[in-house]
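Residue numbers (the numbering used here), protein chains in the order written: chain A, 19 to 616; chain B, 603 to 767; chain C, 753 to 929; chain D, 162 to 530.
Simulated from the structure, these hints should not be mistaken for laboratory data.
It cannot be assumed that every hint is accurate.
To be verified - In silico lysine-lysine, DSS-like type, Cα no more than 25 Å apart, as pairs:
1. D:Lys369 with B:Lys722
2. A:Lys24 with D:Lys364
3. D:Lys349 with A:Lys38
4. D:Lys364 with A:Lys23
5. D:Lys364 with A:Lys194
6. D:Lys349 with A:Lys39
7. D:Lys359 with A:Lys24
8. D:Lys459 with B:Lys686
9. D:Lys369 with B:Lys647
10. A:Lys24 with D:Lys349
11. C:Lys867 with B:Lys764
12. A:Lys610 with A:Lys303
13. C:Lys772 with A:Lys150
14. D:Lys484 with B:Lys686
15. B:Lys625 with D:Lys369
16. D:Lys484 with B:Lys700
17. A:Lys199 with D:Lys393
18. A:Lys169 with D:Lys456
19. D:Lys459 with B:Lys743
20. A:Lys34 with D:Lys349
21. A:Lys39 with D:Lys364
22. D:Lys393 with B:Lys647
23. D:Lys331 with B:Lys625
Chain by chain, the residues run as shown.
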Amino acid sequence: MANDKKSIFSPVTAFKNLVKKPETVRYPAESNDAAKRYRGFHINDLEECIGCSTCQEVCVNDAISMVEMLDVPAEEGQRNERPQIDYGRCCWCGLCVDVCTTGSLEMSRDYSYIDLDPDTFIVTPDQHDINKVDHPLGYLRDENSDLLDLKRIDIEMLDPEARVDSFIEIVEGFSKEQAEKEASRCVECEICTDTCPANMNIPQYIRGIFDEELEESVQQIYEDNPLPEVCGRVCTHKCEGVCAISHRGEAVSIRWLKRYAVDNVDSADYKKILGTEKIEQNNKKIAVVGAGPAGLSAAHYLSVMGYQITVYEDKENAGGMMRYGIPEYRLPYDALDKDINYIKSLGVDFVFNTRVGEDITLDELHEQYDAVFAATGLHNGRSTRVPGTDNNNVYQAVNLLADIARGKEVPVTKNLVVIGGGNVAMDIARSMARLQMEKYGEVNITVTSLETEDIMPADQEEIEEAREEGIVFKPGRGPKEIEVNEDGSLAQLCTNCCVSVFDEEMNFNPTFDDSDIENYECDMVIEAIGQGGDNSYIDDQFEIEYAGPRIKINDFSQTSVDWLFAGGDIARGPDVINAIRTGHDAAVGIDKYLNDEL
Amino acid sequence: MRNEKELLELINVHLEPQAVEIKREQNVSVELAPKNLIQALSFLKSHSYQHLSTISCVDWLEEGAFELVYHLFSYDDYINISLKTRIKREPGIFQTAKEIWPVAEFYERDIHEFFGVEFKGNDNLEEMILENWQHLPPMRKDFDTREFVNDQYEWRDYNGQKHTD
Amino acid sequence: MNNNFVKGSWQEILDWAQNKSINMLHYCTGCGAIELPPTMTSRYDMSRFGIGPAATPRQADLLLVTGYLSTKTLRRLIYTYEQMQAPKFVVGFGSCTINGGMYWDSYNTIKQLDKYLPVEMYIAGCMPRPEAILDGLLKLKKMINNGEADGYQRYQDNLEFYHQNQEAVLGEVQRTQ
Amino acid sequence: MDKSTQTEIFFGPNHPGVPGNYGIIYEFEGDTVTSAKANAGHLHRGFEKLMEERLWIKNTALVPRICVEEPDINEMVYAMGFEAIGEIEVPRRADYIRSIILELARIQGHIFSIGGNAAGIGQYTVMHWGTLTRDYILDIFEEITGARVYHIYIRPGGVRQDIEDETFDKILDLMDELENERFPDLEKTLFENPNAQKRWQGKAVITKEEAVEMGATGPVLRANGVPHDLRKMMPYAAYDDVEFEVPTYENGDAWDRIKIARDDMLQSIKIIRQLIQNIPDGPVQTDLGNGLKYKIPKGDAYVKIESKRGEYGYYMVSDGGLKPYRVHVRGASTPLGLYGVREFLPGTRIADVPVWAKSLGICPPEFDR
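Same shape as in the complex, but just chain A (with noise of 0.2 Å):
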């Protein structure tokens, strides 16, 4: 006790204060802001937003609901919802601030509200809080709070010097980790699903991934897309470009994830999995014509709902484009035949070398089958027909592909020029390229197209790669004419500077500027603007109605003709997914045609 000061007087000090400002904050005469962080009431861009729900995902009290917002469209990549806050439930605690994929829901300095309802706290914010008064912005994410995982895992790619020795596959694919790793990164908000062509359940199976149950993956995939392997590898993958990720970050890899789940399942166990060890066989029978993604997706759904599916192909192996369009440094045919095995396991009969409207007609089809799916494809290359195409130095891009694809040798030359911009353009450059190497030891290759390059319909990535390999671009010129020499071989192509592709209503209508010139010398030139399809086998028996091009199908890919189904190119494109989805209506569609629902 000794130590401890005692003073009865030195509680005296208190008086100073008598004569000291008073601490007190006059509120509410003086208003105290709160500070500059501070966690207020929500507030929300509405057009930044896209209504992917990842703040209700995140919301520790479910105070977040989603609410329908009539006025908002729903276009590609967001949906019209919004979030509604419960001001009953929530608790302030900003982390839906954090996890915001656009990075629209933010928070005010506002803290106060008061009021007899209590039916009031609720609110759909806008740019203003619920106080419908503009406050002054509160907690804002950073880099060191924010909830998302933005970098993409890089996936292993072969070095441009060795792609280019080889037609072995660029792409190595993930390894567990990286799968794992790269599926954590979904917030599973499925705006990828509404745009995906066959709406695949994209978040389910990368929760497959991230969960390590490949089995569950596989079962999500193949209630949509009988191909995986296939569009594990050359999918056009719209969904990346709309996955929420994407807005602040690199958007998840969900092609590559697809190739890891079904590359890591033995398709030994696929009947197990997909539970068609046994299907309960109805005695109806249907025709396929064309062994192509929409003929096989079609085949694989009928037959597992019990059909006995016959596919008429007229080349010697299935796979139609996938097999003879797409080299194999993209889509390696073991991956190919690991998803079409599968389809054939379920009991498909093929009759390959057949083809239909020469050894078959259409109309001995429709008698000795219940149904007909007509997915042939384009398989025509179309020509530019500028003077001196005729030229035998001048070929098809699908021809040498096809020819590629079954071995067989194939002119290359020196100095070659590629008339194109979309994807079979990049598939035979480079694939030309990796011949070049391997006879003449340099890559010499140009490739020029109408479309200047922001606007090539091929992916960018495959542009980029190209160019890694050595290929040149000379994108927004319009071909003019092939100038021969003498002996018949070829001088140089001529062109011109293509100034626009479309016109304002979006149609093909191309305008050139003849004063600007450039000349390419080459020796060869390989065009790969586009393909045609030879639907002679059904006009020539049955009125069929079109729309342009393309056969006019419904939503069950029915034509005009009721037992008559088209899927695949001939009557929706552009790509695989599209001619898969196609596929999977057209076999809705028969089995209710089948029991007169249609």
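Dock chains B, C and D against chain A, hints included.
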């Protein structure tokens, strides 16, 4: 002043641990059979582990077991020991540690109230935190609080404004 | 004093006097009570507006329900409320009194305060800042002055409704009235 | 004891002298308490059950609500538990910021409880000053974290956002103001005030043996000459980089415990100055990927830190899932609030029951959970 390894040697020699592990610096975990636990507590208490932080209970529903964890600390070694033992979920009976640490009576009372574990020798196990609670002890994994809440209470629908999908 | 209060000039004078000096019951029922000391003491100083703490329900006329209510506290809160003398007012703090707040899925808390006690007003927050509390109390003073703060009246008129809800959660409740 | 002279008193849960929503039912004879038991449970929300229903990141918003006087302690222990099981490294700057936040929380906790203790014996001036000083610290918290009381700032893997330089300056100015103006005033008004000393000396004595037996730590132990402080015994965050002493006294009574609170605050000021002076640069959060998918391997850990009332620990179990499998909260005043009341309150005079409860820092939400 023992370090973690010396402590483990002491434990391996004198007690019959099923598993011993140095989890992190100054943190050791020891698994024992239920019958050896009370004796282990008094042994350790006599070896400078006088501080009982608390007794935790974990309900391993799938494995049909309650895991009781006694957290001890020594003011000489500065090491935390988590003494673990597993008892069958049904009937869920264990002895009291009241004689060694009188305060354990209240930790056991808490575990009884929230898990339903009986502690023989501790007669002070009546309700303390909850009030006339007639349902399953709430911390057991088979008691679903959201289901309980959804049928006990109603939610405000803000006269139709709340959008529940 | 019979239950139906005589509305008239005398009542207006009473209301005027009432709102000038409100005794707030010093009962921290929930975690929101931590913002009361700053509001009561010198920094925000609610006694500038005539509002001060009172120790016992007998001398209090304002009951602040500061956040969630466990069922155990609800029982004692009902005893407290029924011991308070009319006119008495209840103010709900924070989200927990409106729709369950953070503890919406807790088996031991009630979700909507207005099912068990008549509530004059709610102050949004988790928990409301001292300034928001002052806004609420000033609004309460105006309501009292205009005679709109009639929660105790509503409690009397719908006694059956309130008692049934209370007993649904608590079982039997001792009544003082 | 003749029954007729025995009466049962319900002290709380609605009573100014009681620390929060908590009651003590005691019998007394004449003026002295003869037997007592705790009437706890009023603040039970079933945190441990709720935590099992929420993702790891969601619990960071729930956890500070466990103890309203010291939310940051809960955030820190939860983050440390997650990092211990997941073996996650925290950037050094985040360690420093965490220590700064914890020391600021210690000062606001101590000054608030000194105010509370003073109110318990009628010294309302000190209560006003305590709450006022605490409010200035809350302003700093508001600037750093965006909220006054529940900061939701310390997260698994680091802290939510960095502290700007001008906030550091504000902290240093406040520390000077505390050390040069507010604490000297407090010293004169309370600690040199003979009435206060008499009111607290010799009251609510807990001896060293009783404390160790019961598992009570912190000021209860340090008031008996035992210099135990987890910041020294099991250093965490940035405490191994700072020098500070652990104040101890001899008598184990309320008076010594309140002096310890005062000395702790002075040490905390010293710590904060050292931390701010040599805080390293760099990130403040390790990248744990997508917040909705935080996952740590199966495992368990008992983590504890030094709150202003002693050891505050969590026993956390993870089954490798996205949500904690089990979290057991061990509040610092659990032994005292439940067992201590029955064992050590008898013998106290009725007027000293508030002094007993407040000076031992009984905080009911810790054991109600």
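Query raised in the report: Is the hinted pair Lys24 (chain A) and Lys349 (chain D) satisfied, with a Cα-Cα distance of at most 25 Å?
Result: holds (9 Å)
Query - Distance restraint between Lys39 (chain A) and Lys364 (chain D), which requires alpha-carbon spacing of 25 Å or less - result: violated (38 Å)
Requested in this report: Verify the proposed pairing of Lys199 (chain A) with Lys393 (chain D), using a straight-line Cα cut of 25 Å.
Outcome: Between Lys199 (chain A) and Lys393 (chain D) the Cα gap is close to 38 Å, so the pair fails against 25 Å, i.e. violated.
Query raised in the report: Is the straight-line distance between the alpha-carbon of Lys364 (chain D) and that of Lys194 (chain A) 25 Å or less?
Result: violated (64 Å)
Query raised in the report: Hey, Lys349 (chain D) versus Lys39 (chain A), does the alpha-carbon distance stay inside 25 Å?
Result: At roughly 20 Å apart (the allowed maximum being 25 Å), Lys39 (chain A) and Lys349 (chain D) satisfy the hint.
Query raised in the report: Does the alpha-carbon distance linking Lys369 (chain D) and Lys647 (chain B) stay inside the 25 Å limit?
Result: holds (16 Å)
Query - Satisfaction of hint between Lys764 (chain B) and Lys867 (chain C), Cα-Cα up to 25 Å - result: holds (18 Å)
Query raised in the report: Are the Cα atoms of Lys369 (chain D) and Lys722 (chain B) separated by 25 Å or less?
Result: violated (30 Å)
Query raised in the report: Does Lys24 (chain A) lie within 25 Å of Lys359 (chain D) when you go C-alpha to C-alpha?
Result: holds (11 Å)
Requested in this report: Measure nothing beyond the straight line between the CA atoms of Lys393 (chain D) and Lys647 (chain B); if it is 25 Å or shorter, mark the hint as holding.
Outcome: Holds - the C-alpha atoms of Lys647 (chain B) and Lys393 (chain D) are around 23 Å apart, at most 25 Å.
Query raised in the report: Is the straight-line distance between the alpha-carbon of Lys484 (chain D) and that of Lys686 (chain B) 25 Å or less?
Result: holds (22 Å)
Report task. For the pair supplied as a hint, Lys331 (chain D) and Lys625 (chain B), confirm whether the alpha-carbon distance does not exceed 25 Å. Result -> Violated, because 41 Å separates the two Cα atoms, which is more than 25 Å.
The structure fails to meet hints 1, 5, 13, 15, 16, 17, 21 and 23 from the earlier list, while all remaining hints are met.
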